[in-house]
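Chains as they are written, first to last, in my numbering: chain C, 1 to 95; chain S, 1 to 163.
Calculated directly from the structure, the hints in this document are not laboratory data. It is possible that some hints are incorrect.
Chain C residues, not near chain S, derived (Cβ > 12 Å throughout) [what the hints assert, rightly or not]:
(1) T32
(2) G60
(3) G62
(4) A63
(5) Q65
(6) L91
EDC-like cross-link-like pairs, simulated, lysine to aspartate or glutamate; straight-line CA separation at most 16 Å [stated by the list, open to error]:
(7) C/K75 - S/E45
(8) S/K34 - S/E45
(9) C/K21 - S/D129
(10) C/K82 - S/E45
Treat the numbers as computed from the prediction; the structure is a model and nothing was measured. Beta carbons are placed, not taken as given, at the ideal position from N, Cα and C, and that holds for glycine.
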Amino acid sequence: MFSGSQGQTVTEAGQGVVHGKFRWTTAGDIRTAGGTVEPAPEMNPIVGKINYQHVDVCLGEGACQWSDLVPNVAKNLRFGGKDYPFYEGYLGWGP
Amino acid sequence: MMLSEPYLDEIRTRWEAVHDLAIEIASNSDGHAKVLARHGASQVELRVTRDEDPASDGDVIFIGHAFSDIPRLLGALESGSFLSAEDAAGTGSRIASASPGPWTAFIESDGGIGGCDVIRVSESDSEADMYLWMGPDLAPSEIFRFVAEARQDVPALLAATRQ
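Build the full structure now, drawing on both the sequences and the hints.
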């Protein structure tokens, strides 16, 4: 199992990670390959807030098509940034 | 600068988590610095990248020496002894050559970062993230934490030994 971020678009999913570059795939691809994607909001102690976009990913036996590394949005728009828009919740996850 | 005992304990804890590694600094065939890490019988390169690119020699040398600078500076503080001028100048030079701090380790197992361990070197968008590798895999989290905090710890310890 590893950590990921969910989003309705690639850009939005990227906002849920702190990294400057990331690879993406779709939840559908992961599930088709026998894997699972489960929303799992988690507190990060450095940021001091809950990341409501956080997901737990388990890959299945099948192949899953991941993108090449793509650049993320500016740091201020990512989780931990001052302009990150989802501190109060994401897609129904949150208070 | 006086360092608080809780802060010194945090530095000791981070050091104890990695002190089994024997670190050596060498040169690649192209003349760039590299860090070799030996644990038991096996030796691997502790590779430092900024996203996909190799990190600067300044960062690599700072990181490699941090594994000996931290215990030496802690020892000097604990014993009340002074560093030699040569030692202090060498450490100061490595600090100056590394990318400016603070460096921040985001650790996957701490929760909530949505990806693997990574070190944020700067809040500037033009500064790429730092990754540490041992062979094809990311280095253990305790190394990420030690290296990131070393960027703050080494200058703080050096200043404290000059009191």
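Violated hints - listed by number, lowest first
7, 10
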